[in-house]
Amino acid sequence: MASTDPQESVQELSPLPKVLVPKIPPSFCIIGEEPFTSTKFQYLKAYESPLPLDQFLATHAHSVKAILSTASAPVTADLLQLLPAVRLVVTTSAGLNQIDLPECRRRGIAVANVATVYSADVADLAVGLLIDVLRKISASNRYVKQGNWPTRGDYPLGSKLGGKRVGIVGLGNIGYEVAKRLEAFGCCISYNSRKKKPYVSYPFYENVCELAANCDALIICCGLTDQTRHLINKEVLSALGKKGVIVNIGRGPIIDEKEMVRFLMEGKIAGAGLDVFENEPDVAKEFFALDNVVLSPHCAVFTPESVKDLSELVVGNLEAFFSNKPLLSEYVDE
Amino acid sequence: MENKDHNQNHQSEDLPQVLLLKPTPVMAVLGEHQFSSNKYQFLKAWESPLPLCQFLTKYANSIQAILCSGAASVTDDLLQLLPSVRLVVAASAGTNHIDLMACCRRGISVTNAGNVFSDDGADAAVGLLFDILRKISAADRYVRQGLWVKKGDYALGSKKKTFVSYPFYSNICELAADSDALIICCALTDQTRHMINKEVLSALGKEGVIVNIGRGAIIDEKELVRCLVEGEIAGAGLDVFEKEPDIPKQLLELENVVLSPHNAVFTPESFLALSELVVGNLEAFFSNLPLLSPVMDE
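In order, the protein sequence lines correspond to chains D and C.
The numbering used here puts the first sequence at residues 101 to 434.
The numbering used here puts the second sequence at residues 151 to 448.
No lab work stands behind these hints: they were computed from the structure.
Treat the hints with care, since some could be wrong.
To be verified - Think about it this way: if two alpha-carbon atoms lie no more than 16 Å apart in a straight line, the pair counts; the simulated EDC-like pairs of lysine to aspartate or glutamate are:
1. Lys-301(C) to Glu-380(D)
2. Lys-172(C) to Glu-197(C)
3. Lys-189(C) to Glu-433(C)
4. Lys-358(D) to Glu-335(D)
5. Lys-343(D) to Glu-419(C)
6. Lys-300(C) to Glu-380(D)
7. Lys-245(D) to Asp-396(C)
8. Lys-189(C) to Asp-226(C)
9. Lys-245(D) to Glu-433(C)
10. Lys-334(D) to Glu-366(D)
11. Lys-393(C) to Asp-254(D)
12. Lys-165(D) to Glu-419(D)
13. Lys-245(D) to Glu-405(C)
Start from the sequences, fold in the hints, and give me the full structure.
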């Protein structure tokens, strides 16, 4: 390709820095790869190679300076061991649980997260799921479409959203967006988080059980860590009670799914709206028989708009990194 | 049944009668006791063995108010038979089943549901909008049919729009042309019947969605179905229909349509609030106090 750009000619001589992409990011599938490309780096797509990953890496190890991580492509200590030149991990997923953060810190590898590109859409879906569970929207849609309205009459009533006490588990960016939205609906917000947030006036509960006991609905917005695995257990579900509902847009393993299924089947909680599961995409079959559960195939973050924003952030971070400029969204452990 | 008529005579003849032509949904859910008062008593037309005309003639002099909902229209003909009626209490969000002009002419006050349904109706409208835009019900069905495992991620496609101010459009076609979603919240009147017609739906366009929590007849349903089937609009969330509970078969089969059985305003909480308002209006009326939620002529 003839080029008038002197920069490009220089790059032909010194190859572009390489960014390893172990698995195809869902966002590439949603809006195409083009928005994620740049003249300042190039992707090394392991998933396009017929070679198994470790062989592929053996060939390219010395040139990989950054990794584009996704939820399905963990960045483990073993992987980092094979890539001594890596100085940056950029993730396209809202969560960071697939990245060995202590190992990155140990090796002086920076991590760039998705900042707030997903927050609005995830928060919208959390609210959508809550309204659906409380007002039985999907269930009555199903009822009407099965032709039951003329033959079986009215569908059972749902329950008013306004005035409900909502407990947010994890008041980060996403949790805060959920809180603001539900406030507008007339809900009373309280929360549990790793730390009390000085800038909000919502009541803070140090103990998730106490939060659950004082709420009509729990919305799980936190990340998955060793501390939050099975955080929502039998005790918490009991405290939430027969009329309580739960919405999970965090990670499946934050809830003890077996217990939750049991509580739902035995009518010990009133309903659930779930975007994430312990064993995706294999959703516990017991859910299918439950009318008071709304299931979403882990797509809370995905709208074309948010993915477009993500592409700009990813490119921005990688370009900044390769130009020795500050990252746009560096993750800093609190 | 003779018992019931006897019962009605048995009650204090001094208590004014409130006519109920048909049971109202709110009374069916909460029970009659929620509406009882020592200031009035109910006369339930459907409990009488007498045919309606005879029933009305028999009690005409003692019926001072009518409690009604969508199932039983209050027409001029009905009012003609009940010269003692001075108040019509609507136990519903809409008043399109009441001949308001006739009431006005006859000096009959009408009360509506005030604000008791507003929050829940709005929540349902938003819920339906969320559902179409973010495909919540469709994705739920997808998962339940085991397709997440078989086919992978659910195809997305959603839009969002942030409102920062409320510009007013006097022309609904222009509003539709400038909007990604239309939410129908108005009442059914002669002016609004089939207001959402082919022109408006065209203006809304291939990527537009519509939510209706008003009355089915506000939208030209045949036209709506055609637009949805032919992909001329992107989706719909409908709580109301032209001929409930009979819904056009095509709507039952479309993935991008979410249906609810005319219950957008109904929650136990709103029903409770309504019962208090109904009792409040009736008691105020029979105590010569100002009505709580009179329908005003605009």
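Now the hints, each set against the structure:
1. Lys-301(C) to Glu-380(D): holds (13 Å)
2. Lys-172(C) to Glu-197(C): holds (9 Å)
3. Lys-189(C) to Glu-433(C): At roughly 6 Å apart (the allowed maximum being 16 Å), Glu-433(C) and Lys-189(C) satisfy the hint.
4. Lys-358(D) to Glu-335(D): holds (13 Å)
5. Lys-343(D) to Glu-419(C): holds (14 Å)
6. Lys-300(C) to Glu-380(D): holds (12 Å)
7. Lys-245(D) to Asp-396(C): holds (11 Å)
8. Lys-189(C) to Asp-226(C): Not OK: Lys-189(C) and Asp-226(C) at ~27 Å, beyond 16 Å, violated.
9. Lys-245(D) to Glu-433(C): Violated, at roughly 42 Å.
10. Lys-334(D) to Glu-366(D): Holds: Lys-334(D) and Glu-366(D) sit about 13 Å apart, inside 16 Å.
11. Lys-393(C) to Asp-254(D): holds (15 Å)
12. Lys-165(D) to Glu-419(D): holds (12 Å)
13. Lys-245(D) to Glu-405(C): Holds. Lys-245(D) to Glu-405(C) sits at ~10 Å (cutoff 16 Å).
Figure legend: structure checked against the earlier numbered hints; hints not met, in rising order: 8 and 9.
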